[in-house]
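Listed in order, the protein sequences are those of chains A and B. Residues 1 to 189 in the working numbering are what the first sequence lists, from first letter to last. Residues 1 to 594 in the working numbering are what the second sequence lists, from first letter to last.
Please keep in mind that the hints were generated in silico from the structure rather than gathered at the bench. The reader is advised that the hints may include incorrect statements.
The calculated lysine-lysine pairs, modelled on DSSO-like cross-linking and capped at a C-alpha distance of 30 Å, are [as the list claims (entries may be wrong)]: (1) B/296 x A/9; (2) B/331 x A/9; (3) A/159 x B/242; (4) A/3 x B/293; (5) B/99 x A/94; (6) B/17 x A/94; (7) B/293 x B/32; (8) B/17 x A/9.
For reference, the chains in residue letters:
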Amino acid sequence: MDKFRYRVKHQKIAPFHFISQLDLSRLWSRAFRRAGLPVAYSQGFNPRPLLSFGPALPLGVESRAEYWDVFLYQELSPEEILMILNREVLSELKAEEANILPLSFPSISRSMKGVRYSYYFSQSIEEKAGLSPDMGIEEEKREVVGELFVVLFLFKEEKILYSPAKWAEILRKEWGESPVRIVKEEVLW
Amino acid sequence: MDLEKTLSRQEMLSISKPARYIGREWNISLKKKEDVEISVALAFPDLYEIGMSHLGLKILYYILNSLPGVRAERAFAPWPDMGKMMKEKNIPLYSLENKIPLRNFDAVGISLQHELNYTNVLYLLDLAGIPLRSEERGEEFPLILGGGPCAFNPEPVSPFFDVFLLGEGEEAIVEIVEILRVMKGEKRSDVLSELAKIEGCYVPLLYSVSYHPDGKIKNISPSRVVRKRWVKNLDGAPYPQKIIVPYLNIVHDRIPLEIARGCTRGCRFCQAGMIYRPHRERSPEKVIELAEKLVKSTGYEEVSLLSLSSTDYSAIEYLVRDLSFRLKESKVNVSLPSLRMDAFSVEVAQSLQEVRRSGLTFAPEAGSERLRRVINKGLTDEDIFQTVEKTFSSGWREVKLYFMIGLPGEREEDIRDIANLVKEILGRGKKKGVHLGISAFIPKSHTPFQWTKQEEIKSLEEKMAILHSLLRPLGRRVRYNWSDFEVNLVEGALSRGDRRISSVIERVYRKGGVMDNWREFFSLRRWQEGFEEEGLDLNFYTHRERDREEIFPWEHLSPGVSKDFLWKEYQLSQEEKITPPCQEGKNCYNCGVC
Ligand code: SF4
Numbered sequence: 001m002d003k004f005r006y007r008v009k010h011q012k013i014a015p016f017h018f019i020s021q022l023d024l025s026r027l028w029s030r031a032f033r034r035a036g037l038p039v040a041y042s043q044g045f046n047p048r049p050l051l052s053f054g055p056a057l058p059l060g061v062e063s064r065a066e067y068w069d070v071f072l073y074q075e076l077s078p079e080e081i082l083m084i085l086n087r088e089v090l091s092e093l094k095a096e097e098a099n100i101l102p103l104s105f106p107s108i109s110r111s112m113k114g115v116r117y118s119y120y121f122s123q124s125i126e127e128k129a130g131l132s133p134d135m136g137i138e139e140e141k142r143e144v145v146g147e148l149f150v151v152l153f154l155f156k157e158e159k160i161l162y163s164p165a166k167w168a169e170i171l172r173k174e175w176g177e178s179p180v181r182i183v184k185e186e187v188l189w
Numbered sequence: 001m002d003l004e005k006t007l008s009r010q011e012m013l014s015i016s017k018p019a020r021y022i023g024r025e026w027n028i029s030l031k032k033k034e035d036v037e038i039s040v041a042l043a044f045p046d047l048y049e050i051g052m053s054h055l056g057l058k059i060l061y062y063i064l065n066s067l068p069g070v071r072a073e074r075a076f077a078p079w080p081d082m083g084k085m086m087k088e089k090n091i092p093l094y095s096l097e098n099k100i101p102l103r104n105f106d107a108v109g110i111s112l113q114h115e116l117n118y119t120n121v122l123y124l125l126d127l128a129g130i131p132l133r134s135e136e137r138g139e140e141f142p143l144i145l146g147g148g149p150c151a152f153n154p155e156p157v158s159p160f161f162d163v164f165l166l167g168e169g170e171e172a173i174v175e176i177v178e179i180l181r182v183m184k185g186e187k188r189s190d191v192l193s194e195l196a197k198i199e200g201c202y203v204p205l206l207y208s209v210s211y212h213p214d215g216k217i218k219n220i221s222p223s224r225v226v227r228k229r230w231v232k233n234l235d236g237a238p239y240p241q242k243i244i245v246p247y248l249n250i251v252h253d254r255i256p257l258e259i260a261r262g263c264t265r266g267c268r269f270c271q272a273g274m275i276y277r278p279h280r281e282r283s284p285e286k287v288i289e290l291a292e293k294l295v296k297s298t299g300y301e302e303v304s305l306l307s308l309s310s311t312d313y314s315a316i317e318y319l320v321r322d323l324s325f326r327l328k329e330s331k332v333n334v335s336l337p338s339l340r341m342d343a344f345s346v347e348v349a350q351s352l353q354e355v356r357r358s359g360l361t362f363a364p365e366a367g368s369e370r371l372r373r374v375i376n377k378g379l380t381d382e383d384i385f386q387t388v389e390k391t392f393s394s395g396w397r398e399v400k401l402y403f404m405i406g407l408p409g410e411r412e413e414d415i416r417d418i419a420n421l422v423k424e425i426l427g428r429g430k431k432k433g434v435h436l437g438i439s440a441f442i443p444k445s446h447t448p449f450q451w452t453k454q455e456e457i458k459s460l461e462e463k464m465a466i467l468h469s470l471l472r473p474l475g476r477r478v479r480y481n482w483s484d485f486e487v488n489l490v491e492g493a494l495s496r497g498d499r500r501i502s503s504v505i506e507r508v509y510r511k512g513g514v515m516d517n518w519r520e521f522f523s524l525r526r527w528q529e530g531f532e533e534e535g536l537d538l539n540f541y542t543h544r545e546r547d548r549e550e551i552f553p554w555e556h557l558s559p560g561v562s563k564d565f566l567w568k569e570y571q572l573s574q575e576e577k578i579t580p581p582c583q584e585g586k587n588c589y590n591c592g593v594c
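Working from the sequences, and respecting the hints, build out all of it.
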C-alpha cells in the first residue's frame with residue numbers, strides 16, 4: 001500500500017502543558033482511532049501508530065508550535081486532515097497546519113534551525129532584569145504586555161535542543177524570579 | 001474557581017503528576033449552569049489513577065449526566081503533596097469538570113471500594129470544608145451518599161454519611177436524584193426520611209445500636225432490614241456509550257465492558273461472590289454493540305471483558321472470536337482479566353489476538369485439595385497441573401498464581417502443599433516460571449466465614465517463614481510476593497467493625513492518616529493508638545470466633561443472601577464439603593437472592 005507522510009503542527013496550551021510527552025502520544029493515537037484516520041501502524045503484538053515527535057517539551061512549557069509526523073495509507077488534503085483532527089481534540093491542542101512531505105524527508109529534530117520561546121515574568125522585574133546571561137541563547141525582544149514582562153529568546157544552532165526549563169532556572173538565578181509562563185512560539189526551519 | 005490563577009506554574013510543577021488535577025479530559029460532561037437543577041459530585045476516596053479505573057463511577061456519571069437538569073462532576077483524593085498545598089493555600093476540594101467546590105453541590109456520592117480508603121473519606125470531606133459527621137452538617141451542606149461493596153457493612157463510617165445505597169445503583173440513583181429535585185430547599189431531616197423509603201437506601205441516623213457489657217451488640221433498632229437493589233436484566237440496564245479518556249496512564253487504561261455480574265461458584269471467602277448474586281449476563285449482541293460504540297467514542301486500543309469469572313460467560317468463545325474479528329482492523333485488542341482455572345480458559349485466552357506471551361494469571365487460593373474444599377474452590381491438583389501445562393505448551397512463559405494463607409482450618413501441611421504445587425509445576429514446564437501472589441485471608445461480612453477468626457500476624461509470619469524456606473531453594477524461576485499483614489489486620493477490623501470504630505477512624509485521620517492503602521503512608525502504630533484512645537480492642541473485631549447467635553453490626557443490611565444459608569455453608573466448610581455452582585431453577589440452594 002502507498003504511504004503518505006504528513007507533518008502536523010498543533011498547539012499545546014495550558015492546562016495541557018501539564019501532560020507529558022508520553023501522554024501526548026497516547027492522546028493523538030486515540031484521536032486518530034476516533035477520527036478513523038487510515039494511519040499506518042507498527043508491526044508486532046501491540047501495534048502503535050507510526051507517529052514521530054520532535055524534541056520533547058518539558059512539563060510546564062506551553063507551545064504554539066508542536067509538531068509530529070505521521071504516515072497515512074490514503075492521500076488527504078491538509079484541510080481535510082485538520083478538520084478531522086480538530087473534531088477529536090480540545091481547542092488547547094488545535095491542529096493548525098498540515099503539510100505533505102516526501103517519505104524520505106529528514107525528521108523534525110533534524111529539520112529544525114531554531115526555536116523561539118517567550119518567557120513571561122511579573123512586571124516588577126522589568127527594572128531588576130539585567131542582561132541575560134551569555135550562553136549562546138539570543139535575546140530578541142523585551143516588552144511589557146498587560147501586567148507582564150515578556151522576553152523573547154531564540155535558541156539556535158547547538159542550543160536548539162537546550163531545555164527551556166533549564167534556561168528558566170538560569171534566569172531565575174540571575175533575575176531572582178521564575179517565569180509565570182513559558183511558551184514555545186515558533187520553530188524556524 | 002480558576003486553578004491557573006490559584007496555583008502558579010512553579011507550584012503545580014512542585015507536586016507529583018499535576019495532570020491529575022487539571023480535568024479537560026476527552027468526553028467529560030460540561031453542563032451550563034442555567035441548565036442545572038441538581039448537582040452531584042462523584043467523589044472517589046483514592047487517587048485519580050485508581051478512581052478513574054473504576055467502572056461504577058463511569059456508569060453513574062453517564063446515567064446522571066444523561067438526566068436533564070442534572071450535573072455530575074468528578075473529584076478524587078489528591079496525593080498528599082497536593083492535599084498539603086490545597087490546605088496551605090485554602091483551596092477547597094473542587095470538581096474536575098467546572099472546578100466547583102464540592103460543598104456547593106447538592107449531594108456528594110462517595111464510592112466505598114475498600115476499607116483502607118476510610119481515612120480518605122474524611123480527607124475528602126475535610127478538604128471540601130464539609131463537617132465530617134452527619135449530625136454536624138447544617139442545611140447549607142450537601143448530602144453525603146455512600147455506595148460500593150463496603151456499603152454492606154458501612155457501620156465504621158456510618159456517622160460520616162447521610163445515606164448509603166446498597167447494591168447496584170443504576171435505578172436507585174435516578175430515584176434519589178428525583179427526590180433531591182422535588183424536595184430541594186426542604187429540611188435536611190425531611191429529605192433523609194423520604195430517601196429512607198427508597199428500596200436499598202439506608203439512613204444510619206434512623207437506626208440506633210446498643211451494646212452488651214462484653215462489647216457485643218445487644219440490639220439494632222428498628223428491626224427493619226434494608227435490602228440491596230439489583231438489576232434484573234443487564235441488557236436493559238444503562239451502560240455508557242462513551243467514557244472519559246484520561247491523559248495520564250491510569251491503572252486500567254482501557255474500555256471496561258461488563259459482560260456479566262455476579263458469580264455462581266460460591267467460594268466461601270469471597271464477598272463479591274455473595275453480594276453480587278445472582279449471576280446475570282449481558283447478551284453477546286449487546287456487548288458487541290457497546291464495544292463498537294465505545295471504541296468509536298474513545299479511541300481506546302483495548303477492550304476488557306469484565307466479570308468475576310470471564311470464562312464462565314456462556315457464549316465466551318463466540319464473543320471473543322466475533323469481537324476480536326470486528327476490532328482487528330482498527331487495531332483494538334480484546335482482553336480477559338479473570339480466567340477460571342481450566343484448559344478451556346487457556347484456549348479462550350489463546351484465541352485473543354492480543355497475545356502477550358508473558359504470563360497468564362489464575363487463583364487456586366489454597367495449596368491442598370482438602371483446603372480448597374473448605375473454601376469451596378473445587379479444583380483438584382490435576383486440574384491445576386493440566387491448566388498450567390496447557391498454558392506453557394501454548395507459549396506462555398509464566399503462570400501467576402494467587403494464594404491465601406490464614407484460611408480457616410488451615411494446617412501446616414496446606415502451606416507446604418503450596419510449595420509442593422510449585423515444585424510439580426516447575427517440573428512440568430522446563431524453563432518456565434511461576435509467580436506467586438500470597439495474601440492473608442481476611443474474613444468479610446456477608447460470607448460463610450463472617451463468623452470465623454482472622455489469623456494473628458505472628459502465626460501468619462510463621463507460615464510465611466515456612467514458605468520462604470521451601471520456595472527460596474527453588475531458585476530464580478519462582479518469584480513471589482506477599483501482602484502486608486499489618487495492613488491486613490486493620491482491613492480486617494474495619495471490614496467487620498461496628499459504629500464505635502468511627503471515632504477511631506477520625507482519630508487516625510487527625511493524626512495524619514491518609515492513603516492507608518499505600519504502604520508509604522500506612523502506620524499500624526496510628527491505628528493501635530486510635531483504638532487504645534477510644535478504649536476499644538482491635539482484636540475484638542479480628543481475632544475472635546463469633547457464635548451462631550451473635551448480632552452482627554450489618555444485621556440490618558442485606559445483600560439478599562440469608563444468614564441461614566451462610567451458616568449452612570460455614571458448617572459444610574468445616575466438614576470439608578463442596579457446594580457446586582448454583583443455577584436458578586436447576587441447582588438452587590435457596591440462598592435467598594433470586
Ligand atoms: S437463589 Fe439459588 S440460583 Fe439464585 S443465587 Fe441463590 S443459590 Fe443461586
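Hints, verified against the model:
no.	hint	verdict
1	B/296 x A/9	24 Å, holds
2	B/331 x A/9	25 Å, holds
3	A/159 x B/242	44 Å, violated
4	A/3 x B/293	28 Å, holds
5	B/99 x A/94	23 Å, holds
6	B/17 x A/94	23 Å, holds
7	B/293 x B/32	26 Å, holds
8	B/17 x A/9	26 Å, holds
The structure does not agree with numbered hint 3 stated previously, though it agrees with all others.
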